[in-house]
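Each protein sequence line maps, in turn, to chains A and B.
All residue numbers for the first sequence refer to my numbering, where the first residue is 516 and numbers rise by one.
All residue numbers for the second sequence refer to my numbering, where the first residue is 3 and numbers rise by one.
Read the hints as simulated data drawn from the structure, not as lab findings.
Each hint should be verified, as a subset may be incorrect.
Calculated pairs, DSS-like style, for lysine-lysine (alpha carbon to alpha carbon, straight line, at most 27 Å) [as the list claims (entries may be wrong)]:
1) 103(B) - 634(A)
2) 87(B) - 44(B)
3) 83(B) - 665(A)
4) 55(B) - 87(B)
5) 91(B) - 665(A)
6) 42(B) - 103(B)
7) 87(B) - 117(B)
8) 641(A) - 583(A)
9) 634(A) - 620(A)
10) 596(A) - 583(A)
11) 91(B) - 660(A)
12) 10(B) - 596(A)
13) 10(B) - 87(B)
14) 103(B) - 641(A)
15) 634(A) - 10(B)
16) 665(A) - 54(B)
17) 660(A) - 44(B)
18) 665(A) - 103(B)
19) 85(B) - 44(B)
20) 85(B) - 660(A)
Which stretches of chain B does chain A cover? Using the computed rule of at least three CB atoms under 8 Å from a CB of chain A, they are [said to hold, decoys possible]:
21) 39 to 53
22) 64 to 74
23) 93 to 100
24) 104 to 116
Note that the Cβ used here is the ideal one computed from N, Cα and C, for glycine as well.
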Amino acid sequence: MKLNLQIKNVPQPLITLIVGLIIGLIINDLPFIVLNKDITIGEISNLILTIVIALYIPFFLDKYINGKRVEKEILMEGFTKIEVDLQIQMKTVQAMHILESVKKKDANSLILDVRSISKNLIRMEKSCTNFLNNPEVNLVVQRLKDNQVKYWEDLTVNLKNSKPCIDSDSYIRTEENLNNYIENLLTVKFIINKL
Amino acid sequence: MSDSIVEKINIAQDFTRYPGARYVSDGDNSGEKFYIIMLKAKFEGVFNSDNKKLEINFDGTYGYASSFISEVFRRLVFDYKDKQKILSKLILTTNDDPLLKEAILSVINETNETKSSD
Numbered sequence: 516m517k518l519n520l521q522i523k524n525v526p527q528p529l530i531t532l533i534v535g536l537i538i539g540l541i542i543n544d545l546p547f548i549v550l551n552k553d554i555t556i557g558e559i560s561n562l563i564l565t566i567v568i569a570l571y572i573p574f575f576l577d578k579y580i581n582g583k584r585v586e587k588e589i590l591m592e593g594f595t596k597i598e599v600d601l602q603i604q605m606k607t608v609q610a611m612h613i614l615e616s617v618k619k620k621d622a623n624s625l626i627l628d629v630r631s632i633s634k635n636l637i638r639m640e641k642s643c644t645n646f647l648n649n650p651e652v653n654l655v656v657q658r659l660k661d662n663q664v665k666y667w668e669d670l671t672v673n674l675k676n677s678k679p680c681i682d683s684d685s686y687i688r689t690e691e692n693l694n695n696y697i698e699n700l701l702t703v704k705f706i707i708n709k710l
Numbered sequence: 003m004s005d006s007i008v009e010k011i012n013i014a015q016d017f018t019r020y021p022g023a024r025y026v027s028d029g030d031n032s033g034e035k036f037y038i039i040m041l042k043a044k045f046e047g048v049f050n051s052d053n054k055k056l057e058i059n060f061d062g063t064y065g066y067a068s069s070f071i072s073e074v075f076r077r078l079v080f081d082y083k084d085k086q087k088i089l090s091k092l093i094l095t096t097n098d099d100p101l102l103k104e105a106i107l108s109v110i111n112e113t114n115e116t117k118s119s120d
């Protein structure tokens, strides 16, 4: 018990050093292992390089890879949120179209929701530029902005009339726009995932 | 160009926080009304001046229908024809919906200037 307590008080690096030296001495005395004691500068450099790489991989590279993965996940979640919002919105649009007349407050609320998606998209564009700045992603984000403008144009055209409505033309065009919009949202998520 | 005079229209403050639809016949605060009573009068002076610009601030409203925007800027192109000069005279502030600016530019670029607003 006393010996155990004494060992616990000795610093661990010292124990490692002593154990290392003992193992070294034992190996040195073994007749079938011949150690070459001529060490060149190149070999020392190789050893240092190996240690540096061994430290770099877990501490820095791993951290960098994980960081990138988190950034990609956040960006993909952002685009998924837009996709979900659009799908919810389309259900509202469908209901309004079937009813043939829309209450003013619902029409105004829909216009504000469309604006909110527009803002989200701009935020996503900024995040993509800041964290990825990938030309392929930027190109699809530009297409998404065109999709959003087209979506707003066709959906809101009659929503501020004294009798707001979503007529057949507006509905069909909105549905087409939405399909293109969601297709591009999926594309941008695939590209980000591949990076 | 740095010493140019900037005239201003703030839609929420000077016209309404509830912009309407396209024509006066569609209801209150239409694009047609905004163009006739507000934009045309201001833009006339700006368009004919060498050192004036017009800043239109679209923020602070409860959102725009595309018909409002389309009517305002179609009429501007019909009346003033020269799209490049129109664009050079406008400063568009659209912080509430940054894509509104792209929509406006698209209306200006796609409008056929040979038609008339009447």
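We went through each hint and held it up to the structure:
1. Restraint check for residue 103(B) and residue 634(A): the C-alpha separation of about 13 Å stays at or below 27 Å, so the hint holds.
2. A threshold of 27 Å between alpha carbons decides the hint, and for residue 87(B) with residue 44(B) the separation of about 15 Å falls inside it, so the pair holds.
3. A C-alpha spacing of about 24 Å is found between residue 83(B) and residue 665(A), which places the hinted pair at or below 27 Å, so the restraint holds.
4. A hinted pair counts as satisfied when its Cα atoms are at most 27 Å apart, and residue 55(B) with residue 87(B) qualifies at roughly 11 Å.
5. With a C-alpha separation of about 25 Å, the suggested pairing of residue 91(B) with residue 665(A) holds against the 27 Å cut-off.
6. About 19 Å separates the Cα atoms of residue 42(B) and residue 103(B), which keeps this hinted pair within 27 Å; it holds.
7. Of the supplied pair hints, the one linking residue 87(B) and residue 117(B) holds, its CA atoms being roughly 17 Å apart against a limit of 27 Å.
8. For the hint pairing residue 641(A) with residue 583(A), the CA-to-CA distance comes to about 16 Å; that is within 27 Å, so the pair holds.
9. Taken as a hint, the residue 634(A) and residue 620(A) pair is honoured in the structure, with Cα atoms around 21 Å apart against an allowance of 27 Å.
10. Distance restraint check for residue 596(A) and residue 583(A): the Cα-Cα separation of roughly 20 Å lies within the 27 Å cut-off, and the hinted pair is therefore satisfied.
11. Between residue 91(B) and residue 660(A) the CA atoms are separated by roughly 25 Å; this keeps the pair inside 27 Å, and the hint holds.
12. Only pairs whose Cα atoms come within 27 Å are accepted, and residue 10(B) paired with residue 596(A) is rejected, the gap being roughly 37 Å.
13. As the CA atoms of residue 10(B) and residue 87(B) are separated by approximately 18 Å, the hinted pair is consistent with the 27 Å bound.
14. For the given pair, residue 103(B) sits about 17 Å from residue 641(A) by alpha-carbon distance, which is consistent with the 27 Å threshold.
15. With a C-alpha separation of about 24 Å, the suggested pair residue 634(A) and residue 10(B) falls inside the 27 Å cut-off, and the hint holds.
16. For the hint pairing residue 665(A) with residue 54(B), the CA-to-CA distance comes to about 32 Å; that exceeds 27 Å, so the pair is violated.
17. With a CA separation close to 31 Å, the supplied pair residue 660(A) and residue 44(B) exceeds the 27 Å bound.
18. A C-alpha spacing of about 13 Å is found between residue 665(A) and residue 103(B), which places the hinted pair at or below 27 Å, so the restraint holds.
19. Restraint check: the Cα-Cα separation between residue 85(B) and residue 44(B) comes to about 17 Å, which is no more than 27 Å; the hinted pair holds.
20. Of the pairs offered as hints, the one joining residue 85(B) and residue 660(A) holds, with about 23 Å between alpha carbons and a cut-off of 27 Å not exceeded.
21. Here the region 39 to 53 of chain B counts 0 residues with a CB under 8 Å from a CB of chain A, which misses the bar of 3, and the coverage is violated.
22. Interface restraint, the region 64 to 74 of chain B with chain A: holds (8 residues with C-beta to C-beta distance below 8 Å; minimum three).
23. Interface restraint, the region 93 to 100 of chain B with chain A: holds (3 residues with C-beta to C-beta distance below 8 Å; minimum three).
24. Closer than 8 Å: that is the beta-carbon criterion, and the region 104 to 116 of chain B has 3 residues meeting it against chain A, so the requirement of 3 holds.
Comparing the model with each numbered hint stated earlier shows that hints 12, 16, 17 and 21 do not hold.
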